[in-house]
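A.B. asks: Line order of the protein sequences matches chains A and B. Position one of the first sequence corresponds to residue 53 (my numbering), numbered consecutively onward. Position one of the second sequence corresponds to residue 179 (my numbering), numbered consecutively onward.
Hints were generated in silico from the structure; no laboratory data involved. Check the hints yourself; a few may be wrong.
Unchecked claim - Straight line, CA to CA, 25 angstroms or less: simulated SDA-like cross-link-like pairs of lysine to any residue:
id: 1; chain 1: A; residue 1: K154; chain 2: B; residue 2: S262
id: 2; chain 1: A; residue 1: K129; chain 2: B; residue 2: K192
id: 3; chain 1: A; residue 1: K154; chain 2: B; residue 2: Q195
id: 4; chain 1: B; residue 1: K192; chain 2: A; residue 2: G93
id: 5; chain 1: A; residue 1: K112; chain 2: B; residue 2: K187
id: 6; chain 1: A; residue 1: K154; chain 2: B; residue 2: K192
id: 7; chain 1: A; residue 1: K154; chain 2: B; residue 2: T183
id: 8; chain 1: A; residue 1: K154; chain 2: B; residue 2: N206
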Amino acid sequence: GDSVTQMEGPVTLSEEAFLTINCTYTATGYPSLFWYVQYPGEGLQLLLKATKADDKGSNKGFEATYRKETTSFHLEKGSVQVSDSAVYFCALSDSPIQGAQKLVFGQGTRLTINP
Amino acid sequence: NAGVTQTPKFQVLKTGQSMTLQCAQDMNHEYMSWYRQDPGMGLRLIHYSVGAGITDQGEVPNGYNVSRSTTEDFPLRLLSAAPSQTSVYFCASSQLSGNTIYFGEGSWLTVV
Chain A
53 GDSVTQMEGP VTLSEEAFLT INCTYTATGY PSLFWYVQYP GEGLQLLLKA TKADDKGSNK
113 GFEATYRKET TSFHLEKGSV QVSDSAVYFC ALSDSPIQGA QKLVFGQGTR LTINP
Chain B
179 NAGVTQTPKF QVLKTGQSMT LQCAQDMNHE YMSWYRQDPG MGLRLIHYSV GAGITDQGEV
239 PNGYNVSRST TEDFPLRLLS AAPSQTSVYF CASSQLSGNT IYFGEGSWLT VV
């Protein structure tokens with residue numbers, strides 16, 4: 053079945069450091085790919101998404117490019133802030149029904165940014 | 179600007195008790211679903227629905243029951259709570275024609 057693998061956490065960085073959180077996937081079809089963020093005590097929020105190969109999703113300074121050849125969707129940010137501290141989830145949807153989203157999640161990566 | 183609303187936010191149950199987690203959305207979304215979040219495992223799909231009167235099982239449905247009598251509501255029932263059901267539960271919704279899922283804020287459930 054479909055699966056998502058994220059880099060192990062936790063990840064601790066200093067403010068203004070460069071961030072990469074690796075995500076690779078296994079899917080039978082052509083999935084849509086997502087990054088969700090969960091701030092402490094809150095639900096999940098969609099951070100960015102890409103629906104086809106070579107698409108780049110971006111939001112709040114974060115970027116991720118859908119790489120079909122390497123089955124990857126790595127999350128990057130050039131200069132992190134303390135407010136970026138959260139848990140980040142990579143996810144895919146390979147639903148046969150358009151929009152009927154059954155997301156498959158990675159295990160999540162906890163990110164802590166120190167001032 | 180309610181979005182997806184879950185209640186209760188926190189609940190402690192004794193083993194064998196039953197309860198219902200409520201979920202309501204005000205965006206007229208056809209698709210609704212329930213996930214559970216356990217440490218180190220990400221979120222796993224419990225049940226989902228593509229419209230009123232239609233439900234189906236996800237990855238981990240055992241011990242849970244759902245119904246969808248209206249577009250807005252999608253309650254999750256625990257029939258006889260077990261400690262293995264201690265988890266954080268998230269309700270989510272989306273349009274059938276879109277691919278963005280909106281999540282509620284979560285319900286923290288502890289079974290003792």
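A.B. asks: Would you check the hint for K112/A and K187/B, treating anything up to 25 angstroms between C-alpha atoms as holding?
C.D. replies: Not OK: K112/A and K187/B at ~28 angstroms, beyond 25 angstroms, violated.
A.B. asks: Starting from K129/A, check that the Cα of K192/B is at most 25 angstroms away, please.
C.D. replies: violated, 44 angstroms
A.B. asks: Given the hint that K154/A pairs with K192/B, does the C-alpha gap stay at or below 25 angstroms?
C.D. replies: violated, 31 angstroms
A.B. asks: Check whether the Cα positions of K154/A and T183/B lie no farther apart than 25 angstroms.
C.D. replies: Roughly 20 angstroms between the alpha carbons, so the hint for K154/A and T183/B holds.
A.B. asks: Check the hint pairing K154/A with N206/B against an upper bound of 25 angstroms on the C-alpha distance.
C.D. replies: Cα-Cα ~18 angstroms, so holds.
A.B. asks: Going straight from one Cα to the other, do K154/A and S262/B come out at no more than 25 angstroms?
C.D. replies: holds, 23 angstroms
A.B. asks: Please verify whether K154/A and Q195/B have alpha carbons no more than 25 angstroms apart.
C.D. replies: violated, 29 angstroms
A.B. asks: Is K192/B within 25 angstroms of G93/A, Cα to Cα?
C.D. replies: Status holds; Cα separation ~24 angstroms.
In summary, the structure is inconsistent with hints 2, 3, 5, 6 from the numbered list given earlier, while agreeing with the others.
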